[in-house]
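**Student:** Protein chains in written order, with my numbering: chain A, 1 to 227; chain B, 1001 to 1201.
Hints were generated in silico from the structure; no laboratory data involved.
You may find that some hints are simply not true.
As the list claims (entries may be wrong) - For lysine-lysine, the following DSS-like pairs were computed, each having C-alpha atoms within a straight-line distance of at most 30 Å: (1) B:1022 - A:21; (2) A:138 - B:1022; (3) A:186 - A:197; (4) B:1077 - A:212.
Said to hold, decoys possible - Simulated restraints on C-beta separations: (5) B:1016 - A:144: 26 to 34 Å; (6) B:1200 - A:63: 30 to 38 Å; (7) A:149 - B:1192: 41 to 49 Å; (8) B:1192 - A:204: 32 to 40 Å.
Said to hold, decoys possible - Chain A is nowhere near these chain B residues, computed Cβ spacing over 12 Å in every case: (9) 1030; (10) 1033; (11) 1106; (12) 1116; (13) 1119; (14) 1134; (15) 1137; (16) 1138; (17) 1143; (18) 1146; (19) 1168; (20) 1176; (21) 1197.
Virtual Cβ for every residue (Gly too), placed ideally from N, Cα, C.
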Amino acid sequence: MRCRCFFVAIHRISKTSFLAKDSSRGQKEMDPVERLTSGFERFKKEVYENNPPLFSQLAQGQSPKFLVFACADSRVCPSVVLSFQPGEAFIVRNIANMVPPYDQTRYSGVGAAVEYAVVHLKVEYIVVIGHSRCGGIKGLMSMKEDGTTSSDFIEEWVKICLPAMEKVKAEHSALPFTDQCTQCEKEAVNISLENLKTYPFVREGVEKTTLKLIGAHYDFVAACNNG
Amino acid sequence: MEPLERIKSGFEHFKMEVYEKKPDMFAQLKEGQSPKFMVFACADSRVCPSVVLNFQPGEAFAVRNIANMVPPYDQTKCCGAGAAIEYAVHHLKVENIVVMGHSRCGGIKGLMSIKDDGTTSTDFIENWVKICNPAREKVKAEHSALSLEDQCTRCEMEAVNVSLQNLKTYPFVNEAVEKKSLKLIGAHYDFVSGSLETWES
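This is chain A alone, in the form it adopts within the complex (with noise of 0.2 Å):
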């Protein structure tokens, strides 16, 4: 079984592994604070406590090289599938993994992490990462064309990336609905990726050359379905 990610490589990096055993089988119906607190050992007996070197470091401050938006789906936490390490990836994760544009009054929670990440922690990388099946750009692709909407919140925001859905059915309008999901899952990247450019900090470190800005897209199902 294959999964494929759309820049795949084949280097190997160490087999340290800063995630803790699964401990959540044949506990399902455990008490949620047990879960937390239970997870919580596991972590600290098989991470923290075997990395003292690391974690007194950490202790003193953090200077992660990587920004990273991810979707706050349950399936594609960036530290489980990019195997970053506690320290390495400041970390934003929201609907559809969507970086709004500038604006002071309507978006100051992704702006004040861009704002904190670019100019206090002075990261040298922001990945937007997108994945595969996203129910946000589902929902985005499913906007009725009169604009109205029918949720409190969730079309509100993911029209973040409206041009994204408009190119495809635009371009893509033969291909199957699920096939156009696909489509703008990577399109609503580069619409994130534009908009990051709005924020001054970000445009000035990317004219110095000292940002860089990455796209990604984490696809859990292409391989199963191939075999």
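Based on the hints, put chain B in the right spot on chain A.
**Tutor:** Relative to chain A, chain B alone:
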């Protein structure tokens, strides 16, 4: 390592060590997700909830932002958080929402350092962390004798409580809490001492 190379090799490591070792799990996950948890955690590189709480793929819908804050219901100013909560509660029907703060939080330190006259010097950061202003005021009123560092630790926890209260301003959250189909849980991860505290709202 060059960044693209780092991303690709990190993915290959995941593919070999996780994805290919759990074919049944990933075959199920490609069909859909049904996490029992929604988690608000800080974007801080040291506090990923999948790592710290050992969440497996499919277990937790996770929002990460500066200082793990949940703003009150506001369709104009805070649709990002609102969209995530709406999706998790209404569509995914999560059973628990966890708000997890942490030690040495830069966002909370920023909140505690805001000038008393309210003037700001950042484009976004101070306006964002002001969400938890009630936490800052409570700490300054009740713990004025503490050092700034200890006040920040208190504020990290009080801010979680403010966020838990803000969750209840979302009608779909309030309704589910009243029906007891949704539980709100606070947590604080201290990576200096290696401990986790949890409490129910």
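**Student:** If a hint holds in the structure, say so; if it does not, say that too.
**Tutor:** Hint check:
1. Distance restraint check for residue 1022 (chain B) and residue 21 (chain A): the Cα-Cα separation of roughly 12 Å lies within the 30 Å cut-off, and the hinted pair is therefore satisfied.
2. With a C-alpha separation of about 27 Å, the suggested pair residue 138 (chain A) and residue 1022 (chain B) falls inside the 30 Å cut-off, and the hint holds.
3. For the hint pairing residue 186 (chain A) with residue 197 (chain A), the CA-to-CA distance comes to about 18 Å; that is within 30 Å, so the pair holds.
4. Of the supplied pair hints, the one linking residue 1077 (chain B) and residue 212 (chain A) holds, its CA atoms being roughly 29 Å apart against a limit of 30 Å.
5. Checked against the given bound of 26 to 34 Å, the beta carbons of residue 1016 (chain B) and residue 144 (chain A), roughly 44 Å apart, lie outside it.
6. Between residue 1200 (chain B) and residue 63 (chain A) the CB atoms are about 35 Å apart, so this pair conforms to the stated range of 30 to 38 Å.
7. A hinted range of 41 to 49 Å holds for the C-beta pair residue 149 (chain A) and residue 1192 (chain B), which are about 45 Å apart.
8. In this structure, residue 1192 (chain B) and residue 204 (chain A) meet the distance hint of 32 to 40 Å, their C-beta atoms being roughly 34 Å apart.
9. The claim that residue 1030 (chain B) lies off the interface is violated: its Cβ sits roughly 5 Å from the closest Cβ of chain A, which falls inside the 12 Å cut-off.
10. The claim that residue 1033 (chain B) is not at the interface with chain A is violated, since a C-beta of that chain comes within 12 Å of its own (minimum 5 Å).
11. Interface exclusion of residue 1106 (chain B) from chain A breaks down, the closest Cβ pair being 7 Å apart, not more than 12 Å.
12. With a least CB separation of 21 Å from chain A, residue 1116 (chain B) remains clear of the 12 Å interface cut-off, as annotated.
13. In this structure residue 1119 (chain B) is separated from chain A by more than 12 Å, as the shortest Cβ-Cβ distance comes to about 15 Å.
14. With a minimum CB-CB distance of about 18 Å to chain A, residue 1134 (chain B) clears the 12 Å threshold, and the non-interface call stands.
15. Against chain A, the non-interface label of residue 1137 (chain B) holds: every CB pair exceeds 12 Å, the least being about 20 Å.
16. No Cβ of chain A approaches the Cβ of residue 1138 (chain B) within 12 Å, the least distance being about 22 Å, so the stated non-interface status holds.
17. Every beta carbon of chain A lies more than 12 Å from that of residue 1143 (chain B), the smallest distance being close to 22 Å; the non-interface claim holds.
18. Taking the minimum C-beta to C-beta distance to chain A, about 20 Å, the non-interface status of residue 1146 (chain B) holds against the 12 Å cut.
19. For residue 1168 (chain B), the requirement that its beta carbon stay farther than 12 Å from each beta carbon of chain A is met, with the minimum near 15 Å.
20. No Cβ of chain A comes within 12 Å of the Cβ of residue 1176 (chain B); the nearest lies about 14 Å off, and the non-interface call holds.
21. Its closest Cβ contact with chain A, about 10 Å, brings residue 1197 (chain B) to no more than 12 Å, contrary to its assignment away from the interface.
The structure is inconsistent with the numbered hints 5, 9, 10, 11, 21, although it conforms to all the rest.
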